[in-house]
Amino acid sequence: MTTSPGAGHPAGGETALAGSQARPPLLRVEGLACHFGGVLAVQDATFDVRHGTITGLIGPNGAGKSTVINLISGSTRPGQGSVRFNGDEIAGQRPHEIAHRGIVRTFQQANVFGGLTVLENLLVGAAPWRGERVSSALGRKQAWSATQSGLLDQAWDILRRFGLEGIANDYARALSGGQRRLVELMRALMAQPALLLLDEPMAGVHPALAASIADRLLEMRDAGMTMLMVEHELRLVEKLCDPVVVMARGTVLAEGSMAELQSNQEVVDAYLGGGGGG
Amino acid sequence: MTSGLVYYLSGLAILLGINLIAIWGLDLQFGLAGINNFAYIVFQAAGGYAAALFALKPAKAYGGFETYLGGFNLPFPLPLIGAAAVGGLLAVPVGLIAIRRLRADYQAMAMLVLSLIATGLAEAQTGLVNGPTGLALIPQPLVGIVHVTPLGYNWIFLGLTAGCCALAWWVAHGISRSPFGRLLRAVRDSESAVAALGRNPDALRMKVLIAGGALAGPSGGLLVEYVTAWGPSSWLYPETFLFFTALIVGGKGNLAGGALGALLVPIGIVEASRHLPAFGYPGMIDSLDWVVIGACLLVFLWFRPNGLLPERKRVFRAGRQQAGGTQVSGAFAQRLTGSR
Amino acid sequence: MTLLLSIIIFGVYSAALLAIGAVGFTLQFGVTNVLNLAFGSILTACIFAEYGLTGHSTNLWIAMAVGAASGAVLSLLIGHVVVGAFLRRGATGFGIAMVTIAISLMVQFGLEAIQGPDILSYSAGSQATMNIGGVVLSSGQLTTIIVAVLAMAAVQVLLRMTKFGLAMRATAADVSLARTCAVSPARTRAVTWLISGALCGICGVLLGIGEGSFSASTGSDFFITLAAAAVLGGIGKPAGAMIGALIIGIVSQAAAAVIAPSYKTIAAWVILIAVLVLRPQGILAEFAADRELVA
Chain W
1 MTTSPGAGHP AGGETALAGS QARPPLLRVE GLACHFGGVL AVQDATFDVR
51 HGTITGLIGP NGAGKSTVIN LISGSTRPGQ GSVRFNGDEI AGQRPHEIAH
101 RGIVRTFQQA NVFGGLTVLE NLLVGAAPWR GERVSSALGR KQAWSATQSG
151 LLDQAWDILR RFGLEGIAND YARALSGGQR RLVELMRALM AQPALLLLDE
201 PMAGVHPALA ASIADRLLEM RDAGMTMLMV EHELRLVEKL CDPVVVMARG
251 TVLAEGSMAE LQSNQEVVDA YLGGGGGG
Chain G
279 MTSGLVYYLS GLAILLGINL IAIWGLDLQF GLAGINNFAY IVFQAAGGYA
329 AALFALKPAK AYGGFETYLG GFNLPFPLPL IGAAAVGGLL AVPVGLIAIR
379 RLRADYQAMA MLVLSLIATG LAEAQTGLVN GPTGLALIPQ PLVGIVHVTP
429 LGYNWIFLGL TAGCCALAWW VAHGISRSPF GRLLRAVRDS ESAVAALGRN
479 PDALRMKVLI AGGALAGPSG GLLVEYVTAW GPSSWLYPET FLFFTALIVG
529 GKGNLAGGAL GALLVPIGIV EASRHLPAFG YPGMIDSLDW VVIGACLLVF
579 LWFRPNGLLP ERKRVFRAGR QQAGGTQVSG AFAQRLTGSR
Chain Z
619 MTLLLSIIIF GVYSAALLAI GAVGFTLQFG VTNVLNLAFG SILTACIFAE
669 YGLTGHSTNL WIAMAVGAAS GAVLSLLIGH VVVGAFLRRG ATGFGIAMVT
719 IAISLMVQFG LEAIQGPDIL SYSAGSQATM NIGGVVLSSG QLTTIIVAVL
769 AMAAVQVLLR MTKFGLAMRA TAADVSLART CAVSPARTRA VTWLISGALC
819 GICGVLLGIG EGSFSASTGS DFFITLAAAA VLGGIGKPAG AMIGALIIGI
869 VSQAAAAVIA PSYKTIAAWV ILIAVLVLRP QGILAEFAAD RELVA
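Residue numbers (the working numbering), protein chains in the order written: chain W, 1 to 278; chain G, 279 to 618; chain Z, 619 to 913.
In short, the hints are calculated from the structure, not lab data.
Small disclaimer: the values here were computed from a predicted structure and weren't measured.
Please note that the accuracy of each hint is not assured.
[To be verified] Cross-link-like lysine to aspartate or glutamate pairs, in silico, DMTMM-like; alpha carbons within 20 Å at most: (1) 591/G <-> 401/G; (2) 591/G <-> 165/W; (3) 591/G <-> 255/W; (4) 141/W <-> 157/W; (5) 239/W <-> 260/W; (6) 781/Z <-> 839/Z; (7) 141/W <-> 153/W; (8) 882/Z <-> 401/G; (9) 781/Z <-> 792/Z.
[What the hints assert, rightly or not] So the derived list for chain W, only partly shown, Cβ under 7 Å to chain G, looks like this: (10) 105; (11) 205; (12) 207; (13) 209.
Beta carbons: idealized from backbone N, C-alpha and C, even for Gly.
Between the sequences and the hints, there should be enough to build the whole structure, so can you do that?
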């Protein structure tokens, strides 16, 4: 990139934009497809997730959005296609192997460990560490207790940021639905993943709580976390996501900012204007 | 206290210790990790057979009235160590069947069938462990070395059992309070969430099956060496439910609950009934024991499924407040900073 | 040649005996979604009840009727009342399995306490035999085959042509759908327990007659083989239970003839394990997804 003399703001902006465009995407999905007993749930899904973005994934019911999340996270095996994370092919790997690489997901139904306290949930969220081995269990407690204290401090910190220290020692099964979603989110935050997959994080959540979760997500993005978020509530998508990927009938229609998509006729017909899902 | 009573109590204490080890082993698998191991008795039986086959001399040495594999005539403590090894190893093939994405009751039925197949094979293939008649005259540890009265030997055996209990406690307690134990409880609640956080739930369950088996094995070994005889009728499938009832009555997911269960169920119910005046035909009281055990199970499942001493909540108090940002740790963080 | 004929004929007899019980078991699972591990002990109790009421009766059909009646009553009591109470409280799959185990322990060992571990001899009906190409079948065994065919036909008629049958199929497929039926789900479940109990009782009586004897453990030993037939065929589907029974009947008979008599039951159990490991939904897979058999 040559530097032109007297480069004003536009050129500088261009440089910055060109720089981030030149960097390969964190996640590249290409030609992803899978069947469920004869029904083609996803066919030829192709899109990118760039570093430092909250990329939205929207579309009417049955478009295949959650299936795409399952395919990326490994819960479902793809029939065809590729998923590249940081350049490495991960399609077809098992969920824990994919998670180990730095992709953590949340579930449509808040998936917390009911028989563990909130703090224990967060402790399990931390990246796998040596103290979790059987050999550590049979050895001296001092070998792992220091690291665990550090993780506990982190967990308390996260709880304070969310204002939830009060439930730290409650069993997760005793929490309300909204609180469980927050626990799942905090747990994912403990993992500090490179890519966070959010499957309808606001579904069934009170609007005030949803707004507060949205603020947290923006904070996490600003701190450097990349996210791919499936969401139905379009106002939230507008607030949080850029770019946005639109799916319908198992395939990707378009990818771009909300403004661009709103002027895309195909997208409007399929989803935004003409009574799509919601 | 008459010497007869002392002798009786010492024997009872030995049986308590043996059951304690077995129950703690099952608690690791069922209480912590939520594995419905309806074949648990086979692990104890395998340990018992291992100890017997390691301690006995080859079949021909006894005049061939029994036929069985092995007979290595190893001295104490090798048969017990062998029992632990066999118990742990058995977990591998059983685990390959038990650790599947099967509905819980289906999986329980699969384990039950394994238990039946094991008994069936032991009885049908007489060359293995002498078929339905079973093994007898199993050598006891240290018998040739120490010369004491029967009561004195009981004290020695009790000491041995207590030592094994201490080892079992060390294993079970260590696992229960450790991060590994926490992962097991997480798998119990949601294996999909565990996988989504980068851990392999199948591997975790296999490890706890091995650990539990490694406790069941010596329990069986001690039992066999104490009773000096062992046959399929001693380890029929209902015996597994003796241990399950102990955990459900006493409380699963914690060692104190398991100990209470050991005291109340295998010792309490079975021993108490031995002191009733004999009525009916011989063996009727044994059958009634099982009716009582089934009834206890049902009653507790209805009124108090978590047992008398339920699993304790693990509470962590607030640590010091961090002034700056939190310390970032772990491999994920490197990916995070590296991707900026 | 006689060996092959013998395997086939006794295989068919075994299949018939298994089918009666397996269809009852699978019907009950399909509608109530409960894996009833106490089924075997109910089977045993029916033999005891029948023997207690009529002794060595002269009429096989009366014996079967008595067995069916006791089975229906016991099954309703255990299934609808006791297990049902736990279900209404929200107990899940494993909890229910433990409940049924507890019940089976109480019933089996209660019977053993009353009767003792002895084996009782048992017979009913005529002692005539029939010779088919060198293979001798007793009249009891022949009757078993006939009863099995009749029972299977009756079950199909029930399911396809009656109001209750429709309600049962609807409840098996989707409980919320079933609420739109004329019959309430609760009553459908109750009737299902009755019917499966009746089939269990008939199976028990015929088993006792076929063996010539019975004891407190007869039912539980037979139960797993019966469950194997149901699971192999595809649990919840009566047609599957029949197919599974036929396969297991012949295979286990062959195992007994070729390896050793004691391998008759072991072969069936190994088949069950193989099915649970390789294809838990069985041959006529239908409920795998909805019932979350494979989680």
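Here's how the hints hold up against the structure:
1. 591/G <-> 401/G: 45 Å, violated
2. 591/G <-> 165/W: Answer holds: residue 591/G to residue 165/W is near 17 Å, not above 20 Å.
3. 591/G <-> 255/W: Measuring from Cα to Cα gives roughly 48 Å; hence the hint is violated.
4. 141/W <-> 157/W: 24 Å, violated
5. 239/W <-> 260/W: Status holds; Cα separation ~15 Å.
6. 781/Z <-> 839/Z: 35 Å, violated
7. 141/W <-> 153/W: 18 Å, holds
8. 882/Z <-> 401/G: 13 Å, holds
9. 781/Z <-> 792/Z: 16 Å, holds
10. 105: Holds - the Cβ of residue 105/W comes within 7 Å of chain G, reaching about 5 Å at its closest.
11. 205: 19 Å, violated
12. 207: Result: violated, 26 Å to nearest chain G Cβ.
13. 209: Constraint on residue 209/W not satisfied, violated at 21 Å.
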